[in-house]
Amino acid sequence: MPELLNLELVESLATALEMMAFISLAPPEGPVVSPPDDPVHVRIEFRGARSGRLELVISRDLGRLLLENTLGCDASETFVMPNPNDALVELANITCGTLLKRLEGGARCEMQVPVLRPFDAAAEWSAFVASGAADVVLAEGMPVAIRVVEG
Amino acid sequence: MSYRILIVDDSATTRAMVKRIIRMTDIPEVQFLEADNGRVALDLLAGNVAVDVILADLNMPEMDGFEMIRRIQANPRLSRIPVVVISASPGAESREGLPEVSGVVGKPFSPETIRGVIHKALEVQHA
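Which chain is which? The protein sequence lines are A and B, in order.
To convert, take the position in the first sequence, counting from 1, and add 7; that gives our numbering.
To convert, take the position in the second sequence, counting from 1, and add 318; that gives our numbering.
FYI, nobody ran anything at the bench for these hints, they're computed from the structure.
Certain hints may be false.
[To be verified] Selected chain A positions facing chain B (in silico; Cβ < 10 Å):
(1) 24
(2) 32
(3) 98
[To be verified] Estimated spans, in silico, between C-beta atoms of each pair:
(4) B:393 x A:25: 33 to 41 Å
(5) B:368 x A:41: 24 to 32 Å
(6) A:125 x B:343: 34 to 42 Å
(7) A:87 x B:347: 17 to 25 Å
(8) B:367 x A:86: 15 to 23 Å
(9) B:393 x A:58: 33 to 41 Å
(10) B:349 x A:129: 23 to 31 Å
(11) B:344 x A:25: 25 to 33 Å
(12) A:133 x B:322: 50 to 58 Å
(13) A:158 x B:366: 31 to 39 Å
(14) A:71 x B:349: 22 to 30 Å
(15) B:394 x A:33: 22 to 30 Å
All values derive from a computational prediction rather than experimental measurement.
All residues carry an ideal CB built from backbone N, CA and C; glycine is no exception.
Start from the sequences and build out the full structure, keeping to the hints where you can.
Following this line, the structure appears as structure tokens:
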């Protein structure tokens, strides 16, 4: 993945997390990063001025934290806390939209509805982050791997 | 005066965030209706429910926001309801390909932006 795209991608994730839930990103402490606990894989495809897919491997614990930070003190009688998976799907949606705005300005790209699936860390993590194919950052100490595959 | 706001978004997280922001405004007595796609929203509106503002996402399964807004605006009973688009899609804020709407808010959004478009839409609707 080209370096500029990496930078834009991580900054887009940082913007989404900061504005949604006041969560900041930090670089990992060493070159080898363990996979997140209770991970899921979220994928969103886009077509238009630029085409490809954005993928996240992220912990459901971060989804819970995201919800607690944004909605935790909602005391209304009818309030029901959404599922952490829903928060992570929306995070992928917002990160993808932010990235495409950064790369293509206002040019229209069609974004598909994100798809979430369980992630088998033991079998899939090494390949997902191999050879710089993905960026790994820490959000509140939890690893998040993110990549864009174009084409 | 009480208001009824319909939030159409496939993300329960965003619906909850928007509701929380609106509850924290000075708008008294807001009743919320929710739909997770355009089809469900149109079914709700077909039930003769009076709605003051519709907040709508664009990318949704089953029926997207573009199609839902077109159908609302083609219906004389519904066409006067202000529609505010809330979307992560690039191009939404420049309104490219969008039918005429009262406002567009990009995701991620700030509470101030949501409050501003809601106030404006309610003022226009009840002018």
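Notebook entry, point to check: residue 125 of chain A and residue 343 of chain B, beta-carbon distance inside 34 to 42 Å?
Noted result: holds (39 Å)
Check: Measuring from beta carbon to beta carbon, are residue 158 of chain A and residue 366 of chain B in 31 to 39 Å?
Finding: This hint is violated: roughly 49 Å between Cβ atoms.
Notebook entry, point to check: Taking 25 to 33 Å as the hint, is the beta-carbon distance of residue 344 of chain B and residue 25 of chain A inside that range?
Noted result: This hint holds: roughly 27 Å between Cβ atoms.
Checklist line | Cβ separation of residue 71 of chain A and residue 349 of chain B, checked against the hinted range 22 to 30 Å | finding: Holds, at about 29 Å.
Notebook entry, point to check: Using the C-beta atoms of residue 394 of chain B and residue 33 of chain A, is the stated range 22 to 30 Å upheld?
Noted result: This hint is violated: roughly 55 Å between Cβ atoms.
Checklist line | Assessment of proposed distance window 24 to 32 Å (beta carbons of residue 368 of chain B, residue 41 of chain A) | finding: violated (54 Å)
Item checked: Assessment of proposed distance window 33 to 41 Å (beta carbons of residue 393 of chain B, residue 58 of chain A) -> holds (35 Å)
Note to self: Checking hints one by one. Is residue 32 of chain A an interface residue toward chain B, by the C-beta closer than 10 Å rule?
What the structure shows: It is violated, given that the least Cβ distance between residue 32 of chain A and chain B is near 14 Å, above 10 Å.
Checklist line | Consistency of beta-carbon spacing, residue 347 of chain B to residue 87 of chain A, with hint 17 to 25 Å | finding: Check passed, 21 Å falls within 17 to 25 Å.
Check: Can the suggested window of 15 to 23 Å be confirmed for the beta-carbon pair residue 367 of chain B and residue 86 of chain A?
Finding: holds (22 Å)
Next item on the list: With respect to the beta-carbon atoms only, verify the hint that residue 133 of chain A and residue 322 of chain B lie 50 to 58 Å apart.
Entry: Holds, since residue 133 of chain A and residue 322 of chain B (Cβ atoms, about 52 Å apart) stay within the stated range.
Notebook entry, point to check: Can the suggested window of 23 to 31 Å be confirmed for the beta-carbon pair residue 349 of chain B and residue 129 of chain A?
Noted result: Given about 49 Å between the Cβ atoms, the range is violated.
Hints 2, 5, 10, 13 and 15 from the earlier list are contradicted by this structure; the remaining hints agree with it.
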